[in-house]
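Protein chains: 2
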Amino acid sequence: MATKHVYHFGGGKADGRADMKTLLGGKGANLAEMANLGIPVPPGFTIDTKVCAYFIEHRGKYPEKLESQVRSGIRRMEKLTGKKFGSRTNPLLVSVRSGAAISMPGMMDTVLNLGLNDETVEGLAKKSGNERFAWDSYRRFVQMYGDVVLGMKPESKEEEDPFEVIIERVKKKRKVTLDTELDVDDLKSLVKLFKDAIKKRTKKPFPTDPQKQLWGAIGAVFSSWSNDRAIAYRKINGIPDDLGTAVNVQAMVFGNTGDDSATGVAFTRDAATGEKRFYGEYLINAQGEDVVAGVRTPKPIEQLQKEMPKAYRQLTRIYKLLEKHYRDMQDLEFTIEDGNLWLLQTRVGKRTGLATVRIAVDMAKERLITREEAIGRVTPFALEQIMRPIFSPKEYTAAVKAGRLIAKGLNAGPGAATGKVVFHADDAVARRAKGERVILVRIETSPEDIEGMHAAEGILTARGGMTSHAAVVARQMGKTCVAGCGDLKIDYKARRFVADGKVIKEGDAISLNGSTGEVLAGEIPTSPSEISQVLVEKSLDPKKSEIFRAYDQLMRWCDKVRRMKVRTNADQPDQAAIAVAFGAQGIGLCRTEHMFFGEEKIQHMRAMILAEDEKERRAALKKLLPIQRKDFEGIFRAMDGRAVTIRTLDPPLHEFLPHEAKEIRAVAKELGITPKKLEAKIEELHEFNPMLGHRGCRLGITYPEITEMQAQAIFEAAVKVKKKGIRVKPEVMIPLIGNVKELQLQADIVRDVAARVFKAKGAKVPYLVGTMIEIPRAALTADEVAAEAQFFSFGTNDLTQTTLGLSRDDSGRFLPIYQHLGIYDADPFASLDTTGVGQLMRIAVDKGRSVRTDIKLGICGEHGGDPASILFCEELGLDYVSCSPYRVPIARLVAAQAVL
Amino acid sequence: MATKHVYHFGGGKADGRADMKTLLGGKGANLAEMANLGIPVPPGFTIDTKVCAYFIEHRGKYPEKLESQVRSGIRRMEKLTGKKFGSRTNPLLVSVRSGAAISMPGMMDTVLNLGLNDETVEGLAKKSGNERFAWDSYRRFVQMYGDVVLGMKPESKEEEDPFEVIIERVKKKRKVTLDTELDVDDLKSLVKLFKDAIKKRTKKPFPTDPQKQLWGAIGAVFSSWSNDRAIAYRKINGIPDDLGTAVNVQAMVFGNTGDDSATGVAFTRDAATGEKRFYGEYLINAQGEDVVAGVRTPKPIEQLQKEMPKAYRQLTRIYKLLEKHYRDMQDLEFTIEDGNLWLLQTRVGKRTGLATVRIAVDMAKERLITREEAIGRVTPFALEQIMRPIFSPKEYTAAVKAGRLIAKGLNAGPGAATGKVVFHADDAVARRAKGERVILVRIETSPEDIEGMHAAEGILTARGGMTSHAAVVARQMGKTCVAGCGDLKIDYKARRFVADGKVIKEGDAISLNGSTGEVLAGEIPTSPSEISQVLVEKSLDPKKSEIFRAYDQLMRWCDKVRRMKVRTNADQPDQAAIAVAFGAQGIGLCRTEHMFFGEEKIQHMRAMILAEDEKERRAALKKLLPIQRKDFEGIFRAMDGRAVTIRTLDPPLHEFLPHEAKEIRAVAKELGITPKKLEAKIEELHEFNPMLGHRGCRLGITYPEITEMQAQAIFEAAVKVKKKGIRVKPEVMIPLIGNVKELQLQADIVRDVAARVFKAKGAKVPYLVGTMIEIPRAALTADEVAAEAQFFSFGTNDLTQTTLGLSRDDSGRFLPIYQHLGIYDADPFASLDTTGVGQLMRIAVDKGRSVRTDIKLGICGEHGGDPASILFCEELGLDYVSCSPYRVPIARLVAAQAVL
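Protein sequences, first through last, are from chains A and B. 1 is the number of the first residue of the first sequence in the working numbering; add one for each residue after it. 901 is the number of the first residue of the second sequence in the working numbering; add one for each residue after it.
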């Protein structure tokens, strides 16, 4: 017996199954699956993918006996439809489509209405009672067949399609503009003209024998597997060339044969909101493309119940069956031909972030899927979406249409923000104080701008990447941010910028779409996400928000599943409180230097920097001590017993000094020194490569009194809070360690100060001393370092910079080219380079544990909030990830997914 | 039987041996060894180091039976000397000295002349016939014993020594100025006054019983092991605290008992020149310290032959025996007491670099040592010394005495240089052209200063460390350099600097001692080393230079032994020629960018940088092509068939642009653009961390046409030179690779260009394409990289910066503190951090070889010329090290030592 290559489906059964995708392609397997479920699909058969391989290998030949198997397939279709292939009275028409195991949308060819010729068209006309429909079908077939099978389709887009040229000519002659205005005679003449054109070009008449037509179409589909477009698509998407395509031959059904015919699309649940309701639209006496084209307005699916109650009942039964069978929301295509319902396609329906979350949670509650599956189905992007304030879609679209889109940068901080333009942090604060909403526009931001960023609705910068200062701080603050918007020409002096030829002055309103990176002139209204309204603003009753309920349920399931803890990077009590609301279990990184940027604090900090000797320095530090202590108290209270990792001073000191002449004069005056002296200090502190310079623990080692002060502030605050009955667990983290001796020196100070404070205050708190792993040498010598460190926290921002030898502030000039060339798949500052940086992390984890089995391991770089990176952290077995407050839910989700 | 703790020596035999240093200390073991050799050493015994541990553990108590062993030791000394401890007629006097296994010079205490009291002093007077000698010995003993044993020595330097106060008082009363002017009565009264002072302070009389004195001194020596100074010294030098000291009790001998007594020091060979001759000096009727003190002028050792022929003959026999026994040049101390020769000490003699080389070579030729031992004995520092031009020592000393030493910086480039101060590279070139010798003084240097540095005799900078631009380039050029001389206040505008309060103006002469880092006002004459005179200047007949002959012999032996090849870092034909003269076997790093700093070349380079598009850029590159080709031709010719590794463009482009306003105007004019446009470009190219920025292969990837031009120049030059009958082996090296895909892209260009050139020119040359390993990620993914790279060259300068997260240009601010605190033992930019950077190198070597077993491995960072780093390279099994031309002999030596 010959090998089976043809798989029938229809009439309530099929040879194939859903799990035979490799053999039958996705479409063929799904049609078989539907047929097996007893769902009415137009009958047909699939020629398997092995034939494709054979066809290519044997240069257009088919395996033995394929012809007879195809013939038997046609016979079976004839039996099931009661029609006959080539019949002049009741002709069977078929579609011939490709269908590979992996979908390659738009890459390969399709022929519809196959089986028509000058004789069968008459049968179709008579049978359908619709001559125009019959001739229009014939016209479409000849055109499609000419294009796909007979090579009439122009190779380049510049060439005109010969058939379209003919149609235009006829329409012009007939003085009509729409195809639908052509009458039966026009269509007949078109068919003739098409055939003539084909004959002229191919030197052969158009094939009239349906069998010949069929084999021509089958061959064209197999050949299309090897066309240039398909090959290129497979190369880009990593699809193997030897996979091959199947060919599906299926009986045509028509929704446009009269008023008891219809066609429509439907979703088993609401794709926008996730609500559990059957949702869709249809058109009576129409073809599928009419629903999409939008010429006629389709009717909501509910009306079908009245118009075609039988079909509607059947459809309802089928959609429920399909959702239950496929265990996910389905997107259906159906046609009703002469009152008979046919399902043409079912697939998993696309949906918004909101619908993603809600459907996943609902289905788990309905026990359609497991909770684990529900967790797995929510993409981080979906969760992110439901947490963003958004623009009203209508008004946004209107604004874009009105030409108000003036620039596009990086979508650095998600969300929507609208407000008046300011160029300086001070102005942002001042206007905010007056109740205005502002957008801070800077060439780039620096730590001095923190308060201004805090005051602003959104931040727009002309320079800097996804992990630039502006982007990182914005995400941590949950601010919308468009960064690295190179089209902006900012003129600080004139207090204006130019973009897209438009001049935007200070005080003019703009809107930032942080999800797309788009910048629009003028205001567009926004509102915070419902989740924020419940958790942060507490302005919404959780019971009144379906979104919140779905979110909350999902998070609770995630928390049960995940192994890794989720902490947050927060420097202020209010940030910490938000993070806790979002589920943070501790602080993984509290940057003490951010505390120094308050109005009064920075003055003492500057005095400390300008001190001539240790004595003066200690005097300035003494003034900073109570301020820091108060900061830590606030943090400890907000975290209410959760672990708090506090990093000692990290940035180079010059970051605390002013850089512009005017400011230098002002600060000098404040400090009671000459501007010249201040300038000299700034010059003295200048570094060629500040990233690799005098910062991190190097500050604490050269000025141990700074570490002493910080340790004192930490432990005094901890003891004070403890005495109020709140548990405190400080973890003191020494940054930029490259050598265990650095850590020893700093840890000794911290432990000495702790002992002194505990003795003086008569109370103790448990604490840990550990280190950032952010320099390759620290990772390489992690066994030595772990002897001294009670925990490691991977500072993957700096670790990426040093491991890749790449400055994140400067790499914007060539990193886009690098990504374009495929040197790095993703921005290594956004998603962990697991090959390089990850290798060092693994070395550090292994070496660290080899010396201290219970060493606590975490990550506090930007990557702590990146889904791919979180998966890698689970693989490494880290104890926690730490990310910005607004990323905490994402991290909770992904940490759970990582376990599954 | 009690454990043996006391080891006798003297009378031609000893209980101990030279290899018992841990037990007997260095001094005790050596005295035993000499005694065993039959050499007359004053008899005595050593109390072993175990007693020290016991003494400390038991808080001042001794092991059982020690007392009886000591007593027996004294009895044996009495027998051998014929004197008696405590005798009133012929007293035995002893010295009590510490002696640890590792020498701790000046850290611990000594007591001489022990055994004297009011009675035995009379015996000594009578026996020696020299009452003043006896009382002076007694006076010294009381003073020393008071200080060391009875705690009279002041604890701080500010306090006055009570004995010195008494001496001054007596001298004043007696109206004399020198100790030697005091007569017997004065000395007697001093002894009394000393004793009174001791009694007053300690409330106890001075011990008169020699046995008591002895135990007091032994206890003091053991206690001194635990004094603060000794503990600090051990901590700094890494000597374990539980090593303990031994105590040596030895009979005193006196060279000042009369005219048949003498004392002296001698070397078995000339310590300055290495010449094989007995060399030393002595004084008749004198004590050891008199030879050193320089009050009396000692006589050359030859005269002893006439004055004391018997002792001289004996001494000659002994020095030959000792040199043969110890197989190295010895430094002897001897005393002749009443015509009897006693050897007090022998040790390996210190010597100059010249003597080191010559003695090692001579001894190997004499078959006293093997050739391998000879190689092992020459320290890199010694070899370095003989290669430096030096100041005339007399004139130098005179200049220092005259107060001309004005500053001290880092001894960054060895040698001596003298010339007129200039502050700008242009001025250096201009003055040099006029035949003047100049010293280039800069706050720091940059690649723009290259020609000025070349024109200068030496370079002096106010900033930068041992691997700053100035230091690296200077060493490569063989220029003297004092770097990081922070005391300098340089005022470019006024064209002067201030140091040590002195104003040095442009045109004033200064002298740099690159070996010490000293800067002196005024000129001091210099001359090049004899080796340079032979090899480079060819002004000296090699046969006429003993130094050269020793050097040459040593190098030939090294070349036979070593496994690693030695290459050089050179960018110009003249540098390459010098390196070849010094034995370089190839170029390991030719920095193409250094070639761009010529007057005419930089103009095209700047035009290339300012190009608006690829077309303009290619036009500028076309002009650079013939210039580069010519450069490479010169290099290939100079290297005459040796391998040449050429690195493609590496530094960030902004390094080629001017930075000062005046220069910007000039360059803009030259380029025919506005200064504003040039400024805009400079601003555009500005980077926060240029070290991690747009440089290395990142340039070649964003501007592939640059790599194309460089490859074309390389291969066209190679083919041209080959056609002249010279073999050529270019190795094209792509810098700053972090990802194999970077290398692939660049290697493809190089190989394409090579094929094109070979086809066009009808000739081929063998070549390799490889990469620098200078970014941690490259090392971590070396298996991937090796699939593409035919060789790796470790760029340890940048690898150190990235692995340690340390900018070499900025670390000067804290690295000295780090070294002081012991965080890094050595400057990691001077000597490879084998723990961190070395670990990455090992990973790269292992992974590289796992993929490509025959991969060629080398090092071309500054560490390639550092002895400790070269040893590590041998351990890794690298194929070659590459260093600056003047370091090549050092590398040849150390590469040989590494094998042994």
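Don't take each hint at face value.
Among the chain A residues that face chain B by a calculated CB cut under 7 Å, a handful are [as the list claims (entries may be wrong)]:
| # | residue |
| --- | --- |
| 1 | 561 |
| 2 | 627 |
| 3 | 689 |
| 4 | 742 |
| 5 | 744 |
| 6 | 776 |
| 7 | 780 |
| 8 | 783 |
| 9 | 787 |
| 10 | 807 |
| 11 | 814 |
| 12 | 819 |
| 13 | 839 |
No more than 27 Å apart at the CA atoms, straight line, and that leaves these computed lysine-lysine pairs for DSS-like [claimed, not checked]:
| # | chain 1 | residue 1 | chain 2 | residue 2 |
| --- | --- | --- | --- | --- |
| 14 | A | 847 | B | 1577 |
| 15 | B | 1095 | B | 950 |
| 16 | A | 847 | A | 560 |
| 17 | B | 1577 | A | 681 |
| 18 | B | 1581 | A | 662 |
| 19 | B | 1562 | A | 493 |
| 20 | A | 489 | B | 1577 |
| 21 | B | 1577 | A | 502 |
Since the hints were made in silico from the structure, they are not lab data. Idealized CB from N, CA, C, for every residue including glycine.
Do the hints match the structure? See the list:
1. Annotation: interface hint on residue 561 of chain A violated; nearest CB of chain B at approximately 33 Å, more than 7 Å.
2. Hint status for residue 627 of chain A relative to chain B: violated, with the closest Cβ pair at about 27 Å, above 7 Å.
3. For residue 689 of chain A, the interface hint holds, the least distance from its beta-carbon to any beta-carbon of chain B being 4 Å, beneath 7 Å.
4. For residue 742 of chain A, the shortest C-beta to C-beta distance to chain B is roughly 6 Å, which falls under 7 Å, so the interface hint holds.
5. Using the Cβ-Cβ criterion of 7 Å, the hint placing residue 744 of chain A at the interface with chain B is not satisfied: the shortest such distance is roughly 9 Å.
6. Residue-level restraint check for residue 776 of chain A holds (minimum Cβ-Cβ distance to chain B is 4 Å; threshold 7 Å).
7. For the restraint placing residue 780 of chain A at the interface with chain B, the shortest Cβ-Cβ distance is roughly 5 Å, inside the 7 Å limit, so the hint holds.
8. For the restraint placing residue 783 of chain A at the interface with chain B, the shortest Cβ-Cβ distance is roughly 11 Å, beyond the 7 Å limit, so the hint is violated.
9. With 7 Å as the threshold, the beta carbon of residue 787 of chain A stays out of range of chain B, its nearest partner Cβ sitting at about 14 Å, so the hint is violated.
10. A distance limit of 7 Å between C-beta atoms decides the matter here; for residue 807 of chain A the minimum to chain B is near 4 Å, and the interface restraint holds.
11. About 5 Å separates the beta-carbon of residue 814 of chain A from the nearest beta-carbon of chain B, less than 7 Å, and the hint is met.
12. A least Cβ separation of about 11 Å between residue 819 of chain A and chain B goes past the 7 Å threshold, and the interface hint is therefore violated.
13. With a least beta-carbon distance of about 5 Å to chain B, the hint placing residue 839 of chain A at the interface is held under the 7 Å criterion.
14. Taking the CA atoms of residue 847 of chain A and residue 1577 of chain B, the gap is near 53 Å; set against the 27 Å cutoff, the hint is violated.
15. As the CA atoms of residue 1095 of chain B and residue 950 of chain B are separated by approximately 34 Å, the hinted pair breaks the 27 Å bound.
16. Simply put, residue 847 of chain A and residue 560 of chain A have alpha-carbon atoms about 30 Å apart, too far for the 27 Å limit, and the pair is violated.
17. For a cut-off of 27 Å, the pair hint linking residue 1577 of chain B to residue 681 of chain A is broken: about 31 Å separates their Cα positions.
18. Of the pairs offered as hints, the one joining residue 1581 of chain B and residue 662 of chain A holds, with about 26 Å between alpha carbons and a cut-off of 27 Å not exceeded.
19. With a C-alpha separation of about 26 Å, the suggested pairing of residue 1562 of chain B with residue 493 of chain A holds against the 27 Å cut-off.
20. Pair hint residue 489 of chain A plus residue 1577 of chain B holds up; C-alpha atoms about 16 Å apart against a cutoff of 27 Å.
21. For the hint linking residue 1577 of chain B to residue 502 of chain A, the alpha-carbon distance of about 24 Å falls within 27 Å, and the restraint holds.
Taken one by one, the earlier hints fail for this structure at numbers 1, 2, 5, 8, 9, 12, 14, 15, 16, 17, listed in ascending order.
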